Amino acid sequence: MSAVLSPHVEAGDVREAALRPILRPGSLFWVTVAVLGLIVLAGMVAYLHQLRFGLAVTGLNQRVSWGFYISNMVFFIGISYGGAMTSAILRLTNAPWRAPLSRMAETMAVVALMVGGLFPIIDLGRPDRMYNLLLHGQVGSPVVWDVVAITTYMAAGLLFLYLPLIPDIAVCRDRLGPAAGGLRRALYQLLSVGWQGTSQQRHILERGITVVAIIIIPLAVSVHSVLAWLFGVTSRPGWDSTIFAPYFVLGAMFSGVATVILIVAAFRKAYHLEAYIRQEHFQYLSYILLALTLAYSYFMFSEYLTVGYKMHETDGPLLQLLMTGRLAPFFWLFVVGGLVLPVLLIAFPQTRNIPGITIASLAVLLGMWLKRFLIVVPGLAEPLMPSELTIYWPSRVEVAITLAAAAAIPLMMMLFFRVFPILSIYEMEEFAEVPAEHASETPDAEAE
Amino acid sequence: MTIRTLWPLLAVVAVALWLRSDGAAFGDGPAGTVLEPLESSTIGTDRQSTILSVRLLNDQDQPLGGATVTFYMLTTVFGERLMKAGDAFTDATGTASLIYEPTWVGDHTVVVRFPGDAQNASTQTTFQFAASGPVPVHENARFGLEEVRRWLPFAVGAALLAVWTTLGLVIVTTVRGLRAATAALEPQMPLAPVIEPLRPVPFGRTLLALLALLALVALPGAWLLPRQWGGEEVSLSTESGGLTLGGLEPQGGATADAPQKPLAVPLDRSVQTMVFGEGGQLVPGSADLPADVALVNDRVLILDTNKGRILTVTPAGEIVPVLETEAAQEGSLSGATAMAAHEEKVYVANSTSGRVLVVDASGRLEEIIIPLVPKGLNPLTLAGIAVTDRGEIWLSDSGNHRVMLLDRRGELRSVIGEGIPSAGEQGFNAPAGLAIDRLGNLLVVDRLNGLVKQYSPLGVFLGALGEGHLALPRSVAVDETGRVYVSDEKSATVAAFGADGTYRGSIGQGTLQAPYGIKVKDGLLYVMDRLAGLFAFRLQADESVP
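Protein chains in written order, with numbering that gives the first Met the number 0: chain A, 0 to 447; chain B, 0 to 545.
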């Protein structure tokens with residue numbers, strides 16, 4: 000028995016569970032892949048349509064040039080950050096309960112970053128002119144900072160996913176053997192870098208993982224801070240804030256933890272991982288989510304209080320637009336759905352169970368997307384000189400691309416777990432050997 | 000090493016050279032073609048735009064007409080950049096002008112380029128102007144801390160280099176370490192022992208098939224979709240007859256490229272309002288982007304928006320001021336864009352100050368009316384005015400998408416509009432010009448919906464006209480027989496409609512450049528063109544023909 004594995008599960012079963020998506024994906028797998036693939040396909044068609052006719056097919060206009068696309072960029076990079084941070088912090092604090100979650104969190108971090116990183120390119124009317132950024136990039140431009148930060152974070156994220164995966168790739172190499180097919184066998188052989196699980200190899204690997212885990216935390220903070228400065232250094236109503244960087248970082252963690260919970264809940268159900276991912280895992284994550292909800296509410300209150308108290312000429316109409324004007328339904332939907340409802344669901348023991356926590360996470364996720372939209376668009380729509388308020392309404396192209404991006408994340412994760420283990424076998428087996436006194440710290444019975 | 004092995008490298012170098020050469024061609028061609036900057040009008044407080052002008056001369060020193068030149072603004076916030084301001088055509092004198100709305104206060108550097116053609120070499124010129132207004136409600140940051148900023152990129156670069164180096168070291172040492180440890184083991188134990196190999200479900204071929212399907216469906220799918228699939232067609236171009244008007248684009252029901260049916264309406268007379276000197280600068284008495292015209296008694300009054308004046312036209316065809324105001328004074332006319340005549344007075348709606356000024360025919364400021372209206376989501380932006388027979392004032396508040404009826408004291412009587420953009424019968428999307436017909440009904444230009452809506456004196460919706468024929472309507476006028484005329488900034492024409500609302504055709508095609516305010520009196524259609532001047536077209540007496 001251990002702190003990580005269920006009392007009913009032997010350590011050796013972990014391998015079977017972790018390889019389950021590779022060995023027996025089930026018929027539901029192909030149905031889900033088909034549905035998600037169709038949504039992604041629709042998004043690809045929409046993007047090619049935009050490529051052909053230009054940004055005129057979107058709802059973007061002269062003033063609101065950042066609509067759905069840049070909101071999506073902030074949102075998806077944010078959830079990526081949450082995934083990486085959750086895994087890195089729990090790894091550095093050596094929290095044993097992280098073991099069955101870390102693989103999904105780290106994969107989600109990389110996949111969400113890939114999707115989020117595409118949006119600045121999608122937002123370009125002429126993506127073929129991307130080379131200008133390389134030929135004529137200015138070090139003083141936050142756009143350049145953003146590209147550099149995202150690229151660096153992507154490299155670190157890939158490393159953070161790959162290093163703990165090495166022993167598990169070796170398991171695939173050894174357990175699947177010649178039956179895996181030539182290409183896959185070569186892939187396992189190459190990526191496992193000769194792992195045999197000796198104490199020397201474990202030491203080398205642990206050292207590498209720890210260094211990357213330490214690096215990835217400030218990197219992720221910097222990525223989201225740079226994203227925040229993209230807004231903060233621009234003179235627009237609602238963006239002129241000194242707390243934007245920590246506000247964005249906190250918001251990213253908030254939405255990221257919610258995404259980890261949702262992803263874990265979905266894969267747990269789909270691949271029958273209930274024996275390894277139990278109610279207490281969700282409860283631990285929900286406590287983090289609760290703390291982040293309260294912290295984010297505090298930041299938001301602080302932001303609006305200082306702006307609303309002064310009601311400068313540009314901020315006043317913006318606040319009115321958000322709180323009592325045309326966008327008020329969306330704003331209050333975010334406050335109630337994205338902040339109040341999750342707190343209530345997590346605070347009460349009766350709803351602090353897997354369905355309740357999953358609903359709370361879904362509410363947070365949708366609310367945080369809405370919040371990103373409410374940060375990006377009204378600030379641009381509000382005129383700086385006496386003029387009409389610009390109206391932005393997304394076109395079908397933007398909606399299709401947004402839905403495709405949302406579908407691409409679970410799709411890419413499903414495809415990834417068809418090749419690599421969904422659970423961190425190495426870590427789970429490692430923690431399975433922990434002394435019995437740690438096991439007594441976790442509840443004995445399933446409360447589901 | 001053969002050329003075969005080097006060709007990828009050569010290809011990359013060739014592409015890089017080709018990309019580098021892009022944009023370096025201006026002024027590199029044979030000498031001769033010249034772009035002469037003409038002095039731009041300096042922006043004063045409360046002014047909204049300026050005119051940028053250049054003259055294009057060929058190698059014979061002759062004006063080059065019909066050519067396209069492109070104006071750029073040099074921005075320096077994050078390094079020097081050229082921001083495209085717009086394209087403009089040169090006229091018969093070789094002059095190309097562009098209305099530009101500055102977005103910051105201070106010096107502006109303008110770069111103008113002529114790309115060249117078969118006969119004429121490419122060329123470019125640079126000039127500057129200063130903008131002291133309009134006063135931005137949000138100040139642009141002034142960048143300081145030069146010393147810190149100089150070193151910051153190096154500090155950040157060093158940190159970045161450290162991160163990348165660490166990541167590189169981690170991957171290299173880990174992979175090499177793991178491999179070395181395996182190599183040390185190899186003599187003792189075999190690599191990758193396979194115990195009861197498991198058989199995974201085939202996956203690679205299915206995935207490849209899926210990707211092939213995506214490519215097969217996505218590419219033709221995108222080409223089969225009509226352009227309108229993305230939603231209402233929204234043009235991102237701001238060109239209008241060679242002039243960039245900036246700011247607004249038609250939305251919703253507005254038609255970006257309304258079909259034109261030119262009408263043969265004779266031009267009775269015209270007055271040049273903006274007069275340029277030899278160097279291309281505005282002469283002292285010249286108007287600066289006038290916006291509207293009003294007819295009081297026998298006087299034709301012109302609203303000189305940027306200079307805050309009201310002008311009149313002498314019998315000799317000259318323009319002389321009858322009222323001059325300063326931007327800072329309470330009764331300033333700077334920024335006013337609409338006016339209406341009533342009982343030998345003219346009522347001017349000032350969009351900047353949100354006030355209505357009453358001026359008599361001699362140019363004496365009689366009264367300032369402050370509209371006592373509820374605060375909207377945005378500052379009050381008066382874009383149109385009409386006065387009823389009883390002296391009540393209709394005002395359009397473009398910023399808050401409403402039209403308001405005020406009494407003589409400025410107190411609110413009634414409101415049409417929802418305060419937010421709307422396409423409904425009782426709503427507008429940026430209402431602009433107003434007019435009152437012979438029955439006292441109100442005509443409202445619903446600018447971004449591309450319509451003119453008609454309301455009874457009590458505000459009951461009666462109907463709309465112009466659907467499919469108006470791209471970016473601005474002002475409306477109605478004659479004694481009920482025919483309706485609508486100035487359209489996008490098509491640079493005035494659209495004519497019968498009393499029953501049917502589209503008759505367009506007036507002023509090829510003559511007008513930036514039509515704004517319009518009025519009809521005594522069989523003449525007066526069109527205030529912000530660039531080209533004041534035009535009076537002779538309308539046909541026959542009701543069926545404009």
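Some clues are possibly wrong.
As the list claims (entries may be wrong) - Calculated pairs, DMTMM-like style, for lysine to aspartate or glutamate (alpha carbon to alpha carbon, straight line, at most 20 Å):
1) B:Lys83 - A:Asp314
2) B:Lys83 - A:Asp122
3) B:Lys520 - B:Asp388
4) B:Lys374 - A:Asp314
Read the hints as simulated data drawn from the structure, not as lab findings. Since the structure is predicted, the reported quantities are computational estimates derived from the model, not experimental observations.
Here's how the hints hold up against the structure:
no. : hint                : verdict
1   : B:Lys83 - A:Asp314  : violated, 29 Å
2   : B:Lys83 - A:Asp122  : holds, 18 Å
3   : B:Lys520 - B:Asp388 : holds, 16 Å
4   : B:Lys374 - A:Asp314 : holds, 15 Å
Hint 1 from the list above is the single one not met by this structure.
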